[in-house]
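Top line first, the protein sequences correspond to chains A and B. Note that the first sequence ends on residue 532 in the working numbering; no numbers are left out. Note that the second sequence ends on residue 229 in the working numbering; no numbers are left out.
Since the hints were made in silico from the structure, they are not lab data. Each residue gets a CB set at the ideal place from its N, CA and C atoms; glycine is no exception. Do not take every clue at face value.
[Claimed, not checked] Dumping the calculated DSBU-like pairs for lysine-lysine here, alpha-carbon to alpha-carbon at most 30 Å:
1) B:K158 - B:K14
2) A:K501 - B:K33
3) B:K14 - A:K484
[As the list claims (entries may be wrong)] Quick partial rundown of chain B residues pointing at chain A, CB under 10 Å, derived from the structure:
4) K33
5) F51
6) I53
7) N56
8) L58
9) H61
10) D66
11) Y68
12) V69
13) G71
14) G84
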Amino acid sequence: MKMFEELIEGDRYDYILIWGNGLQYGNEIVQHIRAHPDFDVIHILSHKPKSISVFVKAVYSFDYAPFWHLEGKTQYLLSTDPEVKLIVFKNNNPDEDYLGEGEFRHLESMTIKRFKEKLRDLYNERKNDRRSENHVIHATDNQKQTDYLLRYLGYEDGLKTILEYSNDYLKSPWHLGNISRYTIEQVDINDIRCRLIVRGKNRIAPIEDSPHYNTLVNDNNCYEDYVNEYQGTHFQDNHSSIKFKKLANKFEYLSDGFESAYICVRKNNDIYTVCDGLHRLAILKYQKAERLLVAVLQ
Amino acid sequence: MKYSNKINLGDFFMGIADEVYCVVKLDKAFPSYQAYSDVDVFCYDVKKMVGAVLQFGNSYVEKGFKIQVNELSKHQVHVDFYVPGEKRLDFRFDLMQGMGEYEKINVKSALFSSILENRVSIEQNNLNVFVPSPIDDLLIRYIEFVEYYDIRADKIKHAEYINEYASKLDKKVMLDKLHFYTKLPLVVSNLDEVNARFNINKTGNKNKRNDFSFKKLRRKLIQVRFKKDQKFIKVFGVCLYGK
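The task is simple: from the sequences and hints, build the whole structure.
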């Protein structure tokens, strides 16, 4: 296991939280974050707190200012929908500076500060042609807040949980758990199934049934609709149709520099199910690949 | 000697010529190998080395081979090659980024980097390959012998190798380096062991005293004796006459 400091060495990870009153603009806000040249989105999570007041307190308890100081400012949140969206991203240009006076003096990323003001200008409710202070988003002042909130949301090792690969050599995602044993095999592409979400439920299906493949073959918005519907709930990694199409354009499986980036599968009764690499599998099917090398996880 | 040589080890080691590595306890037949054998490779970056083996192995997987990767620890990974249709291992790359854990001898971690820093290039069977310096080679074999001589009879080969090939000076230098980089592990002293056993016995006696049972109590209170076909019953110390 890597130490937290070792994992983040020099990098800074922040989050933007979209409150219930901003969720109608959720996808647009995510697109803004993705489009920011200094941010790399790594995780998107939709969360329905049991009690919005408890959750608001939890979020602000990690703030530099004591909660009693923020209580008035956050009163409006108690009447918002008890649903939030959390977008965690790598901040490649924090531009940190000290702000505030006395006991409220704290270090803050000016890049985030400018960006959150821009989003608030765009999406905060307007009253008498002026921006209200009922903010649609909340953003971190420092990286510790990201770690604390993720722990609060059940990520056992906080930020480390989502940053660490489940296997360093395969670069497999964190949610696959610790993988220490696997086999590299060549398999027929038709023997591989994928896990899809159909009407909110998991289904194992041939790759031809996936919105990923469908979009490539028919050049439609099937994949985009799928991502918009389930991102944050059924999958938390950062997927977007722009990213997918960009990948599909020049994709070469196991090319130089990616020799061990195998599609990960699990084997059950001679059928392989994809655990990681559905996008790549759809592209390979579209490229008419017949057999491919995969990592069979054990 | 029958060699498997289903995979071309020469190709692999030529491919990693620019990496910092050394092959430990190199077999004389190398790069030829027998089925079910392995090669121990020391390296600074085991992750990079696993990547190199997998890159090399991809073309074999396309031919039907299977490669099994087993991460024993952060510092040691086995990459095993299986021939198409075979369940028995053909060849193993034992990749190490540290000296590993020894029970019978404490080895300073700096020995590992010293071995890599002092590695030498040799030409064997028309292949250039990096190996530990002759002194380090003796040292590794000696440590291996000490660690496993009681459970792996074949490890005597390392002691024999040292006796056969090392000069008196080599042995001296090897022992000097051994003393610098190793020490014997702490063991439980006999006194501790004796005390531990003594305490067990003490507890045992105590338990004996407290070993209460109604059966024993009844036997103490009501005693039955036979004397010349007569039965005497003693209850609370009062003797009663029986049949």
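Comparing the hints with the structure gives:
Of the supplied pair hints, the one linking K158 of chain B and K14 of chain B holds, its CA atoms being roughly 25 Å apart against a limit of 30 Å. A C-alpha spacing of about 25 Å is found between K501 of chain A and K33 of chain B, which places the hinted pair at or below 30 Å, so the restraint holds. At roughly 46 Å between alpha-carbon atoms, K14 of chain B and K484 of chain A are farther apart than 30 Å, so this suggested pair is violated. The closest approach between the C-beta of K33 of chain B and any C-beta of chain A is roughly 6 Å, which is under the 10 Å cut-off, so the hint is satisfied.
The criterion of a C-beta within 10 Å of any C-beta in chain A is met by F51 of chain B, whose closest approach is roughly 9 Å, and the hint holds. With 10 Å as the threshold, the beta carbon of I53 of chain B comes within range of chain A, its nearest partner Cβ sitting at about 4 Å, so the hint holds. Interface restraint check: N56 of chain B against chain A, minimum CB-CB distance 5 Å, threshold 10 Å, status holds. Interface hint status for L58 of chain B: upheld, as the beta-carbon distance to the closest one in chain A is roughly 8 Å, under 10 Å.
Annotation: H61 of chain B was flagged as interfacial toward chain A, and the flag is violated, the nearest CB pair being 12 Å apart, outside 10 Å. Because the beta carbon of D66 of chain B sits about 9 Å from the nearest beta carbon in chain A, less than 10 Å, this interface hint is met. The closest approach between the C-beta of Y68 of chain B and any C-beta of chain A is roughly 9 Å, which is under the 10 Å cut-off, so the hint is satisfied. Here the hint on V69 of chain B is broken, as its CB sits about 13 Å from the closest CB of chain A, past 10 Å.
Among the interface hints, the one on G71 of chain B is violated; its C-beta lies about 13 Å from the nearest C-beta in chain A, farther than the 10 Å criterion. Among the interface hints, the one on G84 of chain B is violated; its C-beta lies about 16 Å from the nearest C-beta in chain A, farther than the 10 Å criterion.
Taken one by one, the earlier hints fail for this structure at numbers 3, 9, 12, 13 and 14, listed in ascending order.
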